Amino acid sequence: MAERKIRVLVAKPGLDGHDRGAKVVARALRDAGMEVIYTGLRQTPEMIAESALQEDVDAVGLSILSGAHMALVPRVLDLLRANGQENVRIFIGGIIPDEDTPRLLEMGVSGVYGPGTPTDTIVNDIRRSVLGSAEISE
Amino acid sequence: MDLAHAVLEGNRLALARLLTQVENGTVQGRQALEALFPHTGRAHLIGVTGPPGTGKSSLVNQLALQIRRSDPPRKVAIVAVDPSSPFTGGAILGDRVRMRDLSGDPGVFIRSMASRGSLGGLAHATSSVVQALDAAGFQVILIETVGAGQAEVDIARLAHTVLVVEAPGLGDDIQAIKAGILEIADILVINKADLSGVEATERALLSMLQLAHPAPRIFANQREHHHLAWDENPKDLESVETWIPPVQRTVAVEGDGVTELAGLIAQHVAYLQKTGGWEQREQARLQSELDELLRQALVRRWRDTVPEAHYTQVLQRLLDRQISPWQAVAELVNGGEA
Ligand SMILES: Nc1nc2c(ncn2[C@@H]2O[C@H](COP(=O)(O)OP(=O)(O)OP(=O)(O)O)[C@@H](O)[C@H]2O)c(=O)[nH]1
Ligand SMILES: [Mg+2]
Chain A
1 MAERKIRVLV AKPGLDGHDR GAKVVARALR DAGMEVIYTG LRQTPEMIAE
51 SALQEDVDAV GLSILSGAHM ALVPRVLDLL RANGQENVRI FIGGIIPDED
101 TPRLLEMGVS GVYGPGTPTD TIVNDIRRSV LGSAEISE
Chain B
139 MDLAHAVLEG NRLALARLLT QVENGTVQGR QALEALFPHT GRAHLIGVTG
189 PPGTGKSSLV NQLALQIRRS DPPRKVAIVA VDPSSPFTGG AILGDRVRMR
239 DLSGDPGVFI RSMASRGSLG GLAHATSSVV QALDAAGFQV ILIETVGAGQ
289 AEVDIARLAH TVLVVEAPGL GDDIQAIKAG ILEIADILVI NKADLSGVEA
339 TERALLSMLQ LAHPAPRIFA NQREHHHLAW DENPKDLESV ETWIPPVQRT
389 VAVEGDGVTE LAGLIAQHVA YLQKTGGWEQ REQARLQSEL DELLRQALVR
439 RWRDTVPEAH YTQVLQRLLD RQISPWQAVA ELVNGGEA
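Chains as they are written, first to last, in the working numbering: chain A, 1 to 138; chain B, 139 to 476.
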């Protein structure tokens, strides 16, 4: 009976319009055997942190097209830490200028993916980082 | 950290982690549940089921808002179950999309669950997850499942009150409304009542209900429900012990009909309490849980006593049609005596 499933929250913070990319990634994660909690558009950092807590997810994937990533991401990270969820991995997808990527990684983001990244890459990175951290903490 | 203790103290992260342990069937989760068990049995469990896309999540959102606004406000937990892919074991759990109004309220806790290996719409662990939320002090627990096959029976066994949510266009065709789902309904909701075809759906539901409840029946609260009891007979006022599922129209996206629906739910609770139905449902639920655990334990214990070779040999004779399944069982359980 006992089985561990990787649980991932997929959210779209900010006010920009569509969530096609987020849905493609959500489907790829499901097809890789993960449980994806999909929360949809216009999520505030507070909503994202609250969902991540209630769902006890291993990872959070944020799709950000609005350019607001340098404001949104630190806020989400702070809220997760304040809730005691510093182990939750954060992955960012969307349109992120190259120079911002190292800064995001430095803040504690586990991966940044631009448009056209093969979903396999994202799936494998999430799996590796979640399962790797589980081994260490157990 | 003692998980059970932290949950009782209202620690939400501990609760979330406990639910994961329970879902994963770990020893730690089971021990915490055992410690929490004396604190269970207080919540009103409401099942919300029906065909895909009829607006169950939107309605759960509205009902939760309504319960939070009531005086005194009660704490609400929501368990939203969606099917796992039978091929990959993965799942997309999207019910939260319709529940954004509830965010930021510490009196609400929403948990999405995949059905995992379970055949029905309910996961094996759903009743344990509900127990944990009950112990954590949530007074109302709304359990959303897609109504399909076995799920209906499961949700009826788990919940005190079952809402079946239909929508126009799905329900006009009698074939589309499965009899099984009507049998478990305590309250029928026709959501999306803003769409055309509501009357046809309502007519179809009422006539199906009439088939399902043919005997003369009177509502628990005759005065308020006379329009729903088709076989009115004042002489039967003494035998007021049967509940006929009322039909309520709602527009979940607007909140229309939700106050009335909450009223019907309250009446159902009053009915259950007055007639002993509440205790009956509690007993049926715990008994079926006990029987299931017993069955698992006995099978496990019995398997330990049977040599693998003997089992394989009996199975082979069954496959070769030398013995029937009944004979195989007789041989495995009693060494051949039927
Ligand atoms: N017109 C109309 N649309 C509604 C109403 N209630 C819900 N919807 C819409 O119906 C769609 C499905 O709503 P959900 O609440 O997700 O339905 P559901 O039954 O939970 O769906 P599943 O969980 O996928 O089975 C959404 O687009 C809602 O906005 C309503 O009363 N009227
Ligand atoms: Mg839903």
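The set of hints was computed from the structure by calculation and includes no laboratory data. Here the structure is a predicted model, which is why all the values come from computation and not from measurement. Honestly, I wouldn't trust all of these hints.
Distance windows between CB atoms, simulated [to be verified]:
#1 A:L15 x B:G414: 49 to 59 Å
#2 B:S208 x A:L15: 50 to 60 Å
#3 B:Q434 x A:G108: 35 to 45 Å
Ideal Cβ positions, reconstructed from N, Cα and C, are used throughout, including at glycine.
Against the structure, the hints:
One distance hint, 49 to 59 Å for the beta-carbon pair L15 (chain A) and G414 (chain B), holds here, with the actual separation near 54 Å. Between S208 (chain B) and L15 (chain A) the Cβ separation comes to about 33 Å, which falls outside the hinted range of 50 to 60 Å. Separated by about 43 Å at the C-beta atoms, Q434 (chain B) and G108 (chain A) satisfy the suggested range of 35 to 45 Å.
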